[in-house]
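Q: What follows is each chain in one-letter form.
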Amino acid sequence: MREEHGNVAPVMIAKGEDPGDVRTDVPYQLMTILSNLYPWMSDGKKIAVLTRRCDEKALAEIFKRGYFDRARIVQIGLACSKEQIAACRCSDPVPSTVDIGEPHAGVGSDALSEKLMNMSSEERLRFWIYQFRKCNKCFACTANCPVCFCDECVLEERTFVPERGVPPGMSFHLIRAYHLADKCIECGECERSCPAGIPLLTFRKLVAKDFRDMYKFSPGDDKNVSPLLTTLEGEALEGDECNEC
Amino acid sequence: MTEFKPTILAFCCNWCSYAGADLAGVSRLQMPTNVHVVRVMCSASVKPEYVMKAISQGIDGVLVLGCHIGDCHYMTGNHRTAKRIPVVQKILKDVGIDEKRVRLDWVSAAEGEKFQKVITEFVDEVAKLGPNPLREVAF
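Listed in order, the protein sequences are those of chains L and A.
Every letter in the first sequence is one number past the one before it in numbering that gives the first Met the number 0, and letter 75, counting from 1, is 74.
Every letter in the second sequence is one number past the one before it in numbering that gives the first Met the number 0, and letter 122, counting from 1, is 121.
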């Protein structure tokens, strides 16, 4: 990351090049950028990438679905600052190896999600309807999501979206919530990129909590060999099977 | 005021539940008529996205019926359904829609009576919950 014209932008450095004045407070998800870069990388070349804990988890989910070659990615562990942890309400911010920065402990709870779960279901529905009404379906949450890597997006299918139209009603968010259930790493990028300010991270955290309670699994878990919802236990992803869902 | 009649969508798998529904029909078992049956090849081919779409467009209840565990025509289809539908229920609960509006059940081809029982129970349950709150919401 380097500051240019007042904005922080990602930089790529080749071997032997002087990195110059770089910054380590990464404001966005590097895996989203890497997903775009990966197809353009020449064969056999390796790339090193700064990975925070969430980037690490995103990589694990990408590897599971066979999008990147494990041998071609070198990870440099980066610990998040306290401000970043507070902004993401992150409970698991320390990467497996810390190369840069100082590890800080995570934040245990999310105030808004606790408040929501203490509400009655009518109140909760009213809250979410109010929030989702603000959504103008700009797809920013999808475009910036590190784990949205399907070639054909389910949210653009004709079954769910009319031709040249926008996704109707609440289905956009409900379908997205389901689709991300077994891969959302709670990085909070959707919330940060949302122009309408919908607390999407809170929604993700609520779903992730239920998911943990049901399947004892949280996305980014390396022990699990394949996507949880598309495959059965212990079953590896076959070549001809859809690796997008 | 007229009595509330819920609109129910039932996804029935071709090999068990749809045949079970057929059996219930030819046996002339009485059951509520406000159920729309959609025949699918396997309960696992019911994308949870379809359930989400139905609920968000104002359907009062969605029923997913498949073969009993171990009886699936495609060996493991219903295992996958059993994994996915609970996630749908939890997501609906999180946004404040009653999770009872979505139900997963197993009906085999020989269980016409169970089909009648499941339909009657589910329609009663959804009728008690009242209309889908999303029906009235304009986005």
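Please note that a few of the clues may not be correct.
Residues from chain A shown here face chain L by an in silico Cβ test under 8 Å; the list is partial [as the list claims (entries may be wrong)]: (1) Arg27; (2) Leu28; (3) Pro47; (4) Pro85; (5) Val94; (6) Glu112.
Below, in silico cross-link-like pairs of lysine to aspartate or glutamate (EDC-like), each with a Cα-Cα straight-line distance of 20 Å or less [said to hold, decoys possible]: (7) A:Lys4 <-> A:Glu135; (8) A:Lys127 <-> L:Glu156; (9) A:Lys46 <-> L:Asp42; (10) A:Lys99 <-> L:Glu122; (11) A:Lys82 <-> L:Asp212; (12) A:Lys99 <-> L:Glu121.
Simulated restraints, written as ranges between beta carbons of each label pair [to be verified]: (13) A:Gly129 <-> L:Ile32: 28 to 38 Å; (14) A:Val36 <-> L:Thr158: 11 to 21 Å; (15) A:Gly24 <-> L:Ser119: 36 to 46 Å; (16) A:Asp21 <-> L:Ala85: 31 to 41 Å; (17) L:Leu231 <-> A:Phe3: 35 to 45 Å; (18) A:Pro130 <-> L:Lys215: 28 to 38 Å.
No lab work stands behind these hints: they were computed from the structure.
C-beta: ideal position from N, C-alpha, C; glycine also.
Q: Hint by hint, note whether the structure agrees.
A: Each hint tested on the structure:
Interface hint status for Arg27 of chain A: violated, as the beta-carbon distance to the closest one in chain L is roughly 36 Å, over 8 Å. A hinted interface residue such as Leu28 of chain A counts as satisfied when its beta carbon comes closer than 8 Å to some beta carbon of chain L; here the least separation is about 33 Å, so the hint is violated. This hint holds: Pro47 of chain A has a C-beta 5 Å from the nearest C-beta of chain L, less than the 8 Å allowed. Look at Pro85 of chain A: its Cβ gets to within about 6 Å of chain L, closer than 8 Å, so that hint holds up.
With its C-beta approaching chain L no nearer than about 5 Å, Val94 of chain A sits inside the 8 Å limit, and its interface hint holds. Because the beta carbon of Glu112 of chain A sits about 31 Å from the nearest beta carbon in chain L, more than 8 Å, this interface hint is broken. For the suggested pair Lys4 of chain A and Glu135 of chain A, the alpha carbons sit about 16 Å apart, so the restraint of at most 20 Å is met. For the given pair, Lys127 of chain A sits about 34 Å from Glu156 of chain L by alpha-carbon distance, which is inconsistent with the 20 Å threshold.
For a cut-off of 20 Å, the pair hint linking Lys46 of chain A to Asp42 of chain L is broken: about 37 Å separates their Cα positions. For the hint linking Lys99 of chain A to Glu122 of chain L, the alpha-carbon distance of about 18 Å falls within 20 Å, and the restraint holds. Between Lys82 of chain A and Asp212 of chain L, the direct Cα distance comes to roughly 13 Å. Compliance with the 20 Å bound is thereby established for this hinted pair. Restraint check for Lys99 of chain A and Glu121 of chain L: the C-alpha separation of about 15 Å stays at or below 20 Å, so the hint holds.
Separated by about 48 Å at the C-beta atoms, Gly129 of chain A and Ile32 of chain L break the suggested range of 28 to 38 Å. Between Val36 of chain A and Thr158 of chain L the Cβ separation comes to about 19 Å, which falls inside the hinted range of 11 to 21 Å. Gly24 of chain A and Ser119 of chain L have their C-beta atoms about 40 Å apart, which keeps the hinted 36 to 46 Å range intact. At about 59 Å, the beta-carbon gap between Asp21 of chain A and Ala85 of chain L misses the expected band of 31 to 41 Å.
At about 40 Å, the beta-carbon gap between Leu231 of chain L and Phe3 of chain A stays in the expected band of 35 to 45 Å. Between Pro130 of chain A and Lys215 of chain L the Cβ separation comes to about 36 Å, which falls inside the hinted range of 28 to 38 Å.
Going through the hint list in order, the structure does not satisfy hints 1, 2, 6, 8, 9, 13 and 16.
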